[in-house]
Amino acid sequence: MELSDPKPLANRPETKLPPLPKGSRIHKRPLPSLSHTRRQPAKAASKSSSNSSSNMLPGCDLDGYRMPPRAPHTVLVKVTASAPFMSLVKRVRAGLDTGPQKTKGLPLTARIAALGVGTAGTREGAPAARGPITDALDDVVLVATGRAIQKALEVGAFLMRNKELVVLFRTRSVAAVDDVVAEDEDADVEDQVRVRHVSCVEVGIRWAK
Amino acid sequence: MDRRKSFPAGKAPDAKRKEPPPAANNSKNQAHDTRPNSHALKRVKFNDARNIRSQPPDAALEDGRLDLQKFLSAREYEIKALETSMRKCKASNATRVFQQVPRAMRRRTASHNVKRVPKRLRERAKREQIGDNTPTVEARKRRPRTTRARIRAETAKKLDILAARKRKRRLEKPAVGGAMVKGKEGDAKPTVQSRAPRPKIRRNTLNEPPKIKSKFRKRQLNKTWLPTHLWHAKRATMAEPSKPIWRFAIPITSTEKCYRPTHRASGQKGAVAWDMSYMSTIGLYGSSLGVERVLRALGLTQEGLWAARGQKWRGGSRKWSGLLSKDRKESRRIIGPATIIWNPEPAAETAQELGDPKRSQRELLIRTHPSCFLELFNELLKLVKMQSPQLHIEDLRFEIGSIELTGPGSTEALLGILKPYDDKPGAEYQADIFESLAGVTNPASLPKDAFLAFSARDPRLAYPPKQVNVPDRTTDPALLETLTKWPVEKNLAPFGLFSRDTRHRASQLPSQKSINRRKGSSLPGKEVLVTAADPPIPVILLASRSSTAVQAQGTWTLMAPWKCILPIWYSLMHYPLSTGGNPRLGGLDEQRQIAFEQNVPWFPGDFPGTDAGLSWELDQQIKRKRDWDRRPKGKRVEWKSLDLGAGRKGEIGDGLACDFEHLFGLPKNNISGLNNTQNPAISDDPNAMELDHLDKPQGAQASEDSPNPMAVIKQMTKASFGALVASPTNEKAPNSSIVTVTLTFTGRGVASPCARIYRLPPQKSPMPVLPSTQAEVPATEPPPSTIFGLPPSDLREQWLGKLPAKSTSSLGGKGRQAKKQTSAPPRMPPGADLKTRKRLLAASLLTAEPQFPKSSTNQTDVGRHPLCPGEEELIGFVTAGAFSLSEGKGTAIGSLSAEKVLETVRETGAREGHLCVVRNAGETVGWLARWEVV
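Residue numbers (the UniProt record's numbering), protein chains in the order written: chain A, 1 to 209; chain B, 1 to 934.
No wet-lab data here; the hints were simulated from the structure.
Please note: incorrect hints may appear among the correct ones.
[Stated by the list, open to error] Going by beta-carbon spacing under 10 Å, a handful of chain B positions derived as facing chain A:
1) S242
2) A308
3) R309
4) Y429
5) A444
6) V550
7) G554
8) G650
9) G888
[As the list claims (entries may be wrong)] Across the chosen pairs, the derived CB separations fall in these ranges:
10) A:P107 - B:K526: 26 to 32 Å
11) B:Q268 - A:I133: 37 to 43 Å
12) B:D589 - A:T98: 27 to 33 Å
13) A:P19 - B:K718: 26 to 32 Å
14) B:P487 - A:T98: 36 to 42 Å
15) A:T98 - B:L82: 23 to 29 Å
16) B:P464 - A:T98: 42 to 48 Å
17) B:P487 - A:R170: 30 to 36 Å
18) B:P174 - A:T98: 56 to 62 Å
19) A:R170 - B:T531: 47 to 53 Å
20) B:R328 - A:P19: 40 to 46 Å
Every residue, glycine too, gets a C-beta built ideally from N, C-alpha and C.
Kindly produce the complete structure, drawing on both the sequences and the hints.
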């Protein structure tokens, strides 16, 4: 069954990057913002991007996909292809352990009340667990692109065995910036910049309520 | 589980601690008669806490049958007892204060001194020491023992009296002249306004360091303090007072004992900051044509720079970073790395004088390393005077200071402390761009050679700095657009940092006192507004990519007037990063180590072919020699008795040096011109050691007469070496030139500085030798190829066999075979079944050489490891080597003889030609590594 009106994709074949000019090569810049750990509410982001001349919606992907906001305490672990498996697992566990302590600093009565909410929450949280989780309020997020995707998925699958954890897999694309530089340093060619979109997998891990 | 706190019952670790003798207690400590009692009580408390109750398992047995319920509940009780014990142990004072300080603060020296622990633990430490009867001495109150100490104490006493007298006089004064002072303050406006004196910057000569407060002048006679010296001196190991580095008191390393957090802050989360005010800045002024000629003479000869490609650089929207060189008779000699920034021309003039490059006056800043500053300055002076119309240069060393930052949090930290001077957007275009960089986690993701120049507010107005909002901007098209288009050309105006007046104005920041007063008078939570009294601070922010690796962190360099560095530094060090913590401080060691981990050579240490690098290496040699001399004879390496195998005795060259003299056959040390005649390059370079002439005015003359023989060694750049390798004609590399390389070990091995680098020995016999001598030839009879004093003839195959299997398989069948036969019996594969195991065991028993009788030591191999190649295969030395935390194995940076390396690469091809053997000085075992020119 075909869709009657397929949504045009931004990375459709027409917008394919032109071939590299002769005698030049690509120098990749580091991927933006992957190694950052804490996110603020989207308020500031919309303000700062309001002066953007682009016709795209602020905070949106090129496919028009808006990232669900992250919790401010989310620990972001960037996965590289060469990272040892257990090291990643340990980092995730450390991130889970150092999550926000919601009752810290509260008076005793409030702490007891919070405990009560926790027990009631299992009942309240049940409907949320039934339907798919759409937010990205994870405790730890593994982010991977390219060859590292496999590793991130392996770690996610490994952690799925733990019943106390909820593991979510999300995909998105990340804009990577490439410099097109002339191979010959003496050549008098203007350097160009091009944007390439990279598939990215996010593995969100959080405590089950 | 915390092992420390869960000792088995009755096994207290402090059983060794002696109880104070009761007799002494009774006689001496009458006043403290509660102490032994409290001690005993504490004992009881510990024992109680550590005692884990348990039930014997047979309690659950009821006439031979196990009562499961009873058994389980007993175990449950035990587990609970264990947990309570752990909790109680933690609560009861089981650890001493000195065990509780953060790991980085731990120290052994003077651990009895309570002032060595953080303030929050001091009280407890005091109590503990009283409890333990630890003798404590306060150094200040100790009776002076040496003559010198006594004199010092007496002087201090005298000075104290003088200071008291002065204080008294000052108190009396206002009482007398109180009315007069009041009258002065009553004047609303002074009639004559005088400008504060600007520091003199003389043209074409070196300038004096800033005038120092008389209190600190005596300590800066032969060096200059960085603007943040007092801050650093408390937190870092500084360069020895009598031996300043590059005439500055430079922080060498943090007093914290851990490097690993710094490594993490530089790459994964956090930020590391350095006060780099010791970097030297030179201003170059004159017509654009003249400037071009001067820069071309300094080695900026790439045509792209002076054509359309370099337009942005010359226009003042990009920087240039690279190695500068100077012309010597036949060849060029590298001076050192530099960054060059052009000041954009004022907009009005651009329209008039666009077509006239002769008349347009340009200004440039050249930022370089202090170790090569003098050399560059003198070279520039010579070049500048040759031009007509003459250009001029200014020494801006103590005018412009700088801070360097690296790490994912570096951009965030800068955003937190640098606020644009004008609040409204659009006042300064580049400041707006800077503000829009929120969310960038790596300065290397900016365009290559990008920089920003704007004026910032006094950071003390917003002290303590608050965390900036870092939005999730991974998908933000606005940031992406800024990063790709980098629209700095709009409204490009001359930069404030180039203007002497702006710099001078910025140096006159209001006093901390007045800022405090303003803060006090403003409402709590309200920001202090900028007034006319707050001058704008002109800053330039350079973003640089140090490494070629894609994900490697770049560096921010913040250039600001010298006097503004301190307030910026204070704010920076207190900025709360969103990932937790503050930026860490780094010293010279950290800087070198981070460069090392990014596989980037560090100037001057890894450039022994430059004058600056040579003097660094000579300094290091002296230091190593001193350390070696200090060790007892039995514990230091005896170079002469080192057994390199196959009858070779003794270290090659000097074991404490990167002995390039030995490598190139240069005369040892200062034997002066007589022996140097075979090396004409020496006479070319009379100024090679001129570098030190600031340090030792008398010594300069002597060094010019007899230059160090190592001064003929030339550094070769990657580009020129690459051209030589690619050239079809067998062109030779220039005499005694070296290339800097990075080395990665193919398997095991960690190199240390001064390690020797060998190429693989050539194939000895034309016939393919059976590479199985090791395995099959009985050890009693020496292999036929081994001649005393020469390594075995199949050494090359032995070394190639050491290549890990993955790369060997791509080398071809022959290599793989060699590996199979020469190496030790294969390891048992993890999932092998019994049959395979048996087969493998049988095979290993059959092929393994008999254990006895053993062959004479190091005759054909070093414990089954191939011997080091001979001395004629020596190609270079390691200048920096260690275990690299980023690679997870040993890496090194070294320098190789270009001539020998070129020969090897041409003979054996790029693959095997890049293999080498690295052997630490004083060790017999070498390890296989691969080199890459950088």
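Here is what the structure says about each hint:
Given hint, S242 of chain B at the interface with chain A, is violated; its Cβ is 43 Å from that chain's nearest Cβ, farther than 10 Å. Checking A308 of chain B against chain A: minimum C-beta separation of about 6 Å stays under 10 Å; hint holds. With a least beta-carbon distance of about 5 Å to chain A, the hint placing R309 of chain B at the interface is held under the 10 Å criterion. Checking Y429 of chain B against chain A: minimum C-beta separation of about 12 Å lies over 10 Å; hint violated.
Satisfaction of the interface hint for A444 of chain B is found here, the shortest Cβ-Cβ separation to chain A being roughly 5 Å, below the 10 Å cut-off. A least Cβ separation of about 5 Å between V550 of chain B and chain A falls short of the 10 Å threshold, and the interface hint therefore holds. For G554 of chain B, the suggested interface contact is upheld, since its CB lies about 8 Å from the closest CB of chain A, less than 10 Å. Against a cut-off of 10 Å between C-beta atoms, the interface hint on G650 of chain B is violated, since the closest Cβ of chain A lies about 41 Å away.
Proximity of G888 of chain B to chain A holds as hinted, the smallest CB-CB distance being about 9 Å (cut-off 10 Å). Our hint of 26 to 32 Å for P107 of chain A and K526 of chain B holds, since their Cβ atoms are close to 31 Å apart. A beta carbon spacing of about 28 Å between Q268 of chain B and I133 of chain A contradicts the range 37 to 43 Å that was offered as a hint. The hinted range of 27 to 33 Å is satisfied by D589 of chain B and T98 of chain A, whose Cβ atoms lie roughly 30 Å apart.
In this structure the hint that P19 of chain A and K718 of chain B lie 26 to 32 Å apart at CB holds, the actual value being about 28 Å. Between P487 of chain B and T98 of chain A the Cβ separation comes to about 41 Å, which falls inside the hinted range of 36 to 42 Å. In this structure the hint that T98 of chain A and L82 of chain B lie 23 to 29 Å apart at CB holds, the actual value being about 25 Å. Hint check: P464 of chain B to T98 of chain A, Cβ distance near 24 Å, so the stated range 42 to 48 Å is violated.
About 33 Å separates the C-beta atoms of P487 of chain B and R170 of chain A, a value consistent with the hinted range of 30 to 36 Å. A hinted range of 56 to 62 Å for the beta carbons of P174 of chain B and T98 of chain A is consistent with their spacing of about 57 Å. One distance hint, 47 to 53 Å for the beta-carbon pair R170 of chain A and T531 of chain B, holds here, with the actual separation near 50 Å. With their beta carbons about 45 Å apart, R328 of chain B and P19 of chain A fall inside the hinted range of 40 to 46 Å.
Checked against the numbered hints above, the structure violates hints 1, 4, 8, 11, 16; every other hint is satisfied.
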